[in-house]
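J.: Kindly generate the complete structure, drawing on both the sequences and the hints.
First to last, the sequence lines map onto chains A, B and C. Going by the numbering used here, the first sequence opens with residue 1, and the numbers climb by one from there. Going by the numbering used here, the second sequence opens with residue 117, and the numbers climb by one from there. Going by the numbering used here, the third sequence opens with residue 233, and the numbers climb by one from there.
Be aware that one or more of the hints could be misleading.
Covered by chain C, according to a simulated footprint, are these stretches of chain B (three or more residues, beta-carbon under 8 angstroms) [said to hold, decoys possible]:
id, stretch
1, 179-193
2, 198-204
3, 214-225
Mimicking SDA-like on lysine to any residue, the simulated pairs with C-alpha atoms at most 20 angstroms apart in a straight line are [unchecked claim]:
id, chain 1, residue 1, chain 2, residue 2
4, A, 58, B, 169
5, C, 331, B, 219
6, A, 99, C, 335
7, B, 126, A, 37
8, C, 331, B, 126
9, A, 10, C, 236
10, A, 99, A, 75
11, C, 290, A, 2
12, A, 10, C, 302
13, B, 215, C, 237
14, B, 126, A, 78
15, A, 99, C, 233
16, B, 174, C, 335
17, B, 215, A, 73
18, B, 126, A, 86
19, C, 242, B, 219
20, A, 99, A, 72
21, B, 174, C, 243
22, C, 242, B, 164
23, B, 174, B, 154
24, C, 331, B, 174
25, C, 242, B, 191
26, C, 242, B, 190
27, B, 174, C, 273
28, C, 242, B, 153
29, A, 10, C, 335
30, C, 290, A, 3
31, A, 99, B, 219
32, B, 215, A, 101
Just so you know, these hints were derived from the structure itself, not from any lab. Beta carbons: idealized from backbone N, C-alpha and C, even for Gly.
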Amino acid sequence: MTIERLHVGKRLSQVAIHGDTVYTAGIVAGDPSEDAAGQTRQILASIDGFLAEAGTDKAKIVSCTIWLADIADYGAMNGVWDAWVPAGNSPPRACVEAKLAAPQYKVEIRVVAARR
Amino acid sequence: MTIERLHVGKRLSQVAIHGDTVYTAGIVAGDPSEDAAGQTRQILASIDGFLAEAGTDKAKIVSCTIWLADIADYGAMNGVWDAWVPAGNSPPRACVEAKLAAPQYKVEIRVVAARR
Amino acid sequence: MTIERLHVGKRLSQVAIHGDTVYTAGIVAGDPSEDAAGQTRQILASIDGFLAEAGTDKAKIVSCTIWLADIADYGAMNGVWDAWVPAGNSPPRACVEAKLAAPQYKVEIRVVAARR
Numbered sequence: 001m002t003i004e005r006l007h008v009g010k011r012l013s014q015v016a017i018h019g020d021t022v023y024t025a026g027i028v029a030g031d032p033s034e035d036a037a038g039q040t041r042q043i044l045a046s047i048d049g050f051l052a053e054a055g056t057d058k059a060k061i062v063s064c065t066i067w068l069a070d071i072a073d074y075g076a077m078n079g080v081w082d083a084w085v086p087a088g089n090s091p092p093r094a095c096v097e098a099k100l101a102a103p104q105y106k107v108e109i110r111v112v113a114a115r116r
Numbered sequence: 117m118t119i120e121r122l123h124v125g126k127r128l129s130q131v132a133i134h135g136d137t138v139y140t141a142g143i144v145a146g147d148p149s150e151d152a153a154g155q156t157r158q159i160l161a162s163i164d165g166f167l168a169e170a171g172t173d174k175a176k177i178v179s180c181t182i183w184l185a186d187i188a189d190y191g192a193m194n195g196v197w198d199a200w201v202p203a204g205n206s207p208p209r210a211c212v213e214a215k216l217a218a219p220q221y222k223v224e225i226r227v228v229a230a231r232r
Numbered sequence: 233m234t235i236e237r238l239h240v241g242k243r244l245s246q247v248a249i250h251g252d253t254v255y256t257a258g259i260v261a262g263d264p265s266e267d268a269a270g271q272t273r274q275i276l277a278s279i280d281g282f283l284a285e286a287g288t289d290k291a292k293i294v295s296c297t298i299w300l301a302d303i304a305d306y307g308a309m310n311g312v313w314d315a316w317v318p319a320g321n322s323p324p325r326a327c328v329e330a331k332l333a334a335p336q337y338k339v340e341i342r343v344v345a346a347r348r
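T.: Written out as structure tokens, the structure is:
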């Protein structure tokens, strides 16, 4: 099976593809001045883009981890998530609280997706 | 490879199966009035059920994440875990502290299992 | 597909191999008297060893989770990480804060790697 990497940085890559499985990094908002809902919106848009580049899409996510810097943002994050998640193809998900790499980040999301 | 989902909800599914790999959601106790040991017992029973529906079992778990709302419950959780985990087929595991979606939840467990 | 386990303990195994995918446990330092940089160095050496036993290496990591007991150690951990990660083959990574199983542990790292 092949291994392919997308957006390869010195420290980490945003995506790795192993055979038919696509792994993303923990994605944070490009503009962390927004609130939790806004950051979630940005992150899910980034994930849509990464999955498209990897040849797949949100209907093929098989695992998702969400970290919230403050679990009180659970409702705000879910408001955006629920509108984004494809009916009939919602993924298994875990959502827990954790301080993130920098205090301005309120949300971080990582997914594993099938390619086919 | 096929993708199959079990217990599909609007927000998340409890299980996704991609080829020979089974991913569960982060599972919490159905009755969170119980203590950490009791919640762990409920969760592991749920996982047994989900894995059976997916055509596999606890001897085929290849990765496990455990979140404890209070790491002081490490011993109580492990007492139940150690009795449940199959001799010779214990999975790689990570266990860390994290606040969970609601304060009554003391334990959340997610597994990845092989189907064959 | 075969399932193989390495360093099988009563509670957990350090590694599980399912087909071409290698899962490690959350690895902590053997000598937790060291600081975050020293613990990171020990952990990455352990991971190198486990991956070698599994027939792969750090250039084939496809997902990495790092938990820091204190996110203030982000820079110290990254100093060691950046020197270790193979140019052109950096993995997708998530790094968050979480209290670990015992207070002396400052860093815990888990990886998923491709075998080929």
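J.: Of the numbered hints stated previously, which ones are contradicted by the structure, given in increasing order?
T.: Hints 3, 4, 8, 9, 12, 13, 15, 16, 19, 24, 27 and 29 contradicted; others consistent.
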